[in-house]
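Novice: Each chain, written out:
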Amino acid sequence: MYSLFIDTHFKNILIGLFKEKKLVDTIYKKDVINTSEIVMSNINEILTRNNCDSKILSEVVVCNGPGSFTGVRVGVTIAKTFAYLLKIPIYTISSLELVAITNDLKDGIYGVKENNGVYIEKMTAGKFNENINYLKNTEILSINDKILYENELNIENLFEHNYLLHTTNSFDVNPLYVKSINVTNK
Amino acid sequence: MKDVYILAIESSCDETSIAIVKNGNEVISLSTNTQISIHQNYGGVVPELASRMHTENILYVLDAALKKSNISINDINAVAVTYGPGLMGSLLIGIEAAKVISYIYKKPLIAVNHMAGHIYANKLSNGMNFPLIALVVSGGHTDIIYMKEDYSFQVLGSTLDDAIGEAYDKIARVLGLKYPGGPNIERLALNGNPSYKLPIPMKDQSLNMSFSGLKSSIVNLVHNECQKGKEVNKEDLACSFQTVAVNELIRKLEMAINTVDVKNVIIAGGVSANKYLRTKVKELTDKYSIKLNVPSFEYCTDNAAMIGAAAYYLYQNNIFSDLNLNAMPNENIY
Numbered sequence: 000m001y002s003l004f005i006d007t008h009f010k011n012i013l014i015g016l017f018k019e020k021k022l023v024d025t026i027y028k029k030d031v032i033n034t035s036e037i038v039m040s041n042i043n044e045i046l047t048r049n050n051c052d053s054k055i056l057s058e059v060v061v062c063n064g065p066g067s068f069t070g071v072r073v074g075v076t077i078a079k080t081f082a083y084l085l086k087i088p089i090y091t092i093s094s095l096e097l098v099a100i101t102n103d104l105k106d107g108i109y110g111v112k113e114n115n116g117v118y119i120e121k122m123t124a125g126k127f128n129e130n131i132n133y134l135k136n137t138e139i140l141s142i143n144d145k146i147l148y149e150n151e152l153n154i155e156n157l158f159e160h161n162y163l164l165h166t167t168n169s170f171d172v173n174p175l176y177v178k179s180i181n182v183t184n185k
Numbered sequence: 000m001k002d003v004y005i006l007a008i009e010s011s012c013d014e015t016s017i018a019i020v021k022n023g024n025e026v027i028s029l030s031t032n033t034q035i036s037i038h039q040n041y042g043g044v045v046p047e048l049a050s051r052m053h054t055e056n057i058l059y060v061l062d063a064a065l066k067k068s069n070i071s072i073n074d075i076n077a078v079a080v081t082y083g084p085g086l087m088g089s090l091l092i093g094i095e096a097a098k099v100i101s102y103i104y105k106k107p108l109i110a111v112n113h114m115a116g117h118i119y120a121n122k123l124s125n126g127m128n129f130p131l132i133a134l135v136v137s138g139g140h141t142d143i144i145y146m147k148e149d150y151s152f153q154v155l156g157s158t159l160d161d162a163i164g165e166a167y168d169k170i171a172r173v174l175g176l177k178y179p180g181g182p183n184i185e186r187l188a189l190n191g192n193p194s195y196k197l198p199i200p201m202k203d204q205s206l207n208m209s210f211s212g213l214k215s216s217i218v219n220l221v222h223n224e225c226q227k228g229k230e231v232n233k234e235d236l237a238c239s240f241q242t243v244a245v246n247e248l249i250r251k252l253e254m255a256i257n258t259v260d261v262k263n264v265i266i267a268g269g270v271s272a273n274k275y276l277r278t279k280v281k282e283l284t285d286k287y288s289i290k291l292n293v294p295s296f297e298y299c300t301d302n303a304a305m306i307g308a309a310a311y312y313l314y315q316n317n318i319f320s321d322l323n324l325n326a327m328p329n330e331n332i333y
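Just so you know, the protein sequences line up as chains W and A, in that order.
Under numbering that gives the first Met the number 0, the first residue of the first sequence is numbered 0, with each subsequent residue one higher.
Under numbering that gives the first Met the number 0, the first residue of the second sequence is numbered 0, with each subsequent residue one higher.
Hints listed in this document are in silico derivations from the structure and should not be mistaken for laboratory results.
Certain hints may be false.
Claimed, not checked - DSS-like mimics (lysine-lysine), calculated; alpha carbons at most 30 Å apart, straight line:
# : chain 1 : residue 1 : chain 2 : residue 2
1 : W       : LYS54     : A       : LYS202
2 : A       : LYS286    : A       : LYS202
3 : W       : LYS18     : A       : LYS67
What the hints assert, rightly or not - Output of the computed footprint for chain W on chain A, the stretches with three or more beta carbons under 8 Å from beta carbons of chain W:
# : segment
4 : 43-49
5 : 52-61
6 : 92-105
7 : 319-325
Every residue gets a Cβ at the ideal spot worked out from N, C-alpha and C, and that includes glycine.
So that you can see chain W by itself, here it is in the shape it has in the complex (with noise of 0.2 Å):
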């Protein structure tokens, strides 16, 4: 069985391909501008690559933020349509919760960089909390150096951590925003 990954929350674009729950490929893009146009046409390189057929995949796997508004709205909603399309359960994993990943979820308090500020969350005996904080660059200045930020994401481990994969109906999958909109009522 084939699990397709998807990541969009950030600058930084990360397309994964698993096979019977272990990696077998992925397509990392640094810096990317313009995340509608590479998106789709990286996942189809991914498969092609592999010789998959996108009817072949059983599940899809999307970052569903916090992060860029519009970044995770693009993975989400290339994500939703798969898992709708092919009939196939797709789980949401949080940015902050990939990074725990990626740090063999060790407990510190965990960050997520966006344009203007930070999102964070803590994580204690390999919990998070639950509680996400967006604090704004020169709000967090004094805590900066003990938050744990991403780097270059490893998702080898992905599947190890199955209560970290959220599942629901394709049709109800929706971006975490954690920040509201501000506007003033007229």
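Using the hints provided, position chain A relative to the given structure of chain W.
Specialist: Relative to the frame of chain W, chain A by itself:
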């Protein structure tokens, strides 16, 4: 000839809409989720909110359109999607969903311009007979276009500032009416008289138009009356505005009719649903014995059926896009 079925997606502003259109002129199914009631709280479309709603709604709309049609995606010939103009974040949702459908089912992807969609909405009702003049009136456009043939758009005249729909919306706000302003102004105007003296937009002989001066004069008038502790007669003001604005459109349209030889006049865009405008254009085309075609009311506002109609010509001419398609928020066809 074999029938052609196109699945079309439109998400450029605040409607998530998906349709299946046969041969560019017959709507097999149409499913639209409108966000009007959500944006009403803010007096206009909030782009980030619109993008969030599209993401939430897209599969529900797709599922409804497919179920209504009794057609399997396998039997569809192509997938069409609006690539612009519109809101970046909103356009992307439709585009990404369209790419996935096109990719999985190996169907060609067609990128459709939103304004071409509004014009081709006419194919869904009375058709288009070339050469023609298209009067495109919406929240973002006010253009008089000459079309010699399919997909040939020559601008004869255009607004130099506000679009007419934009003026309707802003005046509606000043009068305390809900978004979208057009239908509400039209409703008020029905019970009013054109008793307010308002400036005539552009007295020149070009085919260009201007609505910002007219809009500002009304905004100022309302504020001045308010400062004096008086209230404006909303019905009369709405009627006065509509009369001046539509007369200006008609005056320029008449000049255009006298400039080029056409068989047909069509109207397109959200404001083409305005009944006063329709009546006035009809009077004008009758005067010149030119056939007038108007889209049905349901295809005047943003919808995916018109995108499917506009995509048909591109399909027949093998004008296809690919997985690298990006949204072009400011892309015009003319």
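Novice: With reference to the structure, classify each hint as holding or not holding.
Specialist: Against the structure, the hints:
no.: 1; hint: W:LYS54 / A:LYS202; in the structure: violated, 62 Å
no.: 2; hint: A:LYS286 / A:LYS202; in the structure: holds, 22 Å
no.: 3; hint: W:LYS18 / A:LYS67; in the structure: violated, 37 Å
no.: 4; hint: 43-49; in the structure: holds (count 3)
no.: 5; hint: 52-61; in the structure: holds (count 6)
no.: 6; hint: 92-105; in the structure: holds (count 10)
no.: 7; hint: 319-325; in the structure: holds (count 5)
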